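All chains should be modelled from the sequences, with the hints used to inform the complete structure.
2 protein chains.
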Amino acid sequence: MDEKEIRYAQDALYVLSGKWRMPVILALHNGLRRYREIAQSIPGITFSMLSKELQIMELNNLVLRMEDPDFPKHVEYKLTEYCESLYPIVESLVNWGREHRKVIST
Amino acid sequence: MDEKEIRYAQDALYVLSGKWRMPVILALHNGLRRYREIAQSIPGITFSMLSKELQIMELNNLVLRMEDPDFPKHVEYKLTEYCESLYPIVESLVNWGREHRKVIST
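The listed protein sequences correspond, in order, to chains P and X.
Every position in the first sequence, counted from 1, becomes a number in our numbering once 6 is added.
Every position in the second sequence, counted from 1, becomes a number in our numbering once 6 is added.
Quick caveat, the hints were computed from the structure, so don't treat them as lab data.
Every value quoted in this text rests on a predicted model; they were computed, and no experiment measured them.
Only true hints are included.
Simulated restraints on C-beta separations: (1) X/P78 / P/K58: 45 to 55 Å; (2) X/P78 / P/G37: 53 to 63 Å; (3) X/P78 / P/T52: 51 to 61 Å; (4) P/E90 / X/L70: 33 to 43 Å; (5) P/E43 / X/S54: 47 to 57 Å; (6) X/V109 / P/V81: 18 to 28 Å; (7) P/E90 / X/H35: 25 to 35 Å; (8) X/D8 / P/V81: 24 to 34 Å; (9) P/K25 / X/Y93: 18 to 28 Å; (10) P/E43 / X/P49: 42 to 52 Å.
Derived list of chain X stretches under chain P, where covered just means 3 residues or more per stretch with a C-beta under 8 Å from a C-beta of chain P: (11) 16-29; (12) 86-96; (13) 99-109.
Think of the CB as a built atom: it goes at the ideal place given N, C-alpha and C, for glycine as much as any other residue.
Spelled out as structure tokens, the structure:
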């Protein structure tokens, strides 16, 4: 593994970092699509934090924003395939983190 | 996946975060043990940054510091098994990051 590969890993880490990034990825992965239901599923997040997070994710090709042509107010969000491909890493982080808690609490 | 699991994932992310954490994990994983050779393998790191990083990693049970009883100055470092168990996640981050670069550069 060389310097270039370390940068790749740090890129991926960056995409997953941030207080709300993984909770939003999880909510969308679990099939929540509407703004209000996503917000309600994430304890502590405010509407403005969620809207900023979704904007950043859209810019970074992690989320698709879909407007209903007949009902412009009716907006839905969906993870891009590209972002879904992160999900196995999120699961491996969860598993490692669970073990981590056991190690540091013994 | 619930809130508790998100915290596990964020714990794991935290362990991997920081400019020098993955480069140091990689150097030790690749078998480098002595302070000078670790520092020389990581472009841009200074001795004081490395020593701070190794101290934090030792405190967090990620690194073992081994002194030679006959030669106290002769210190070696080694990843703990616990930290080695992170290595597959680092590799999956590298792979995803490599693809990520292709996506954002097309």
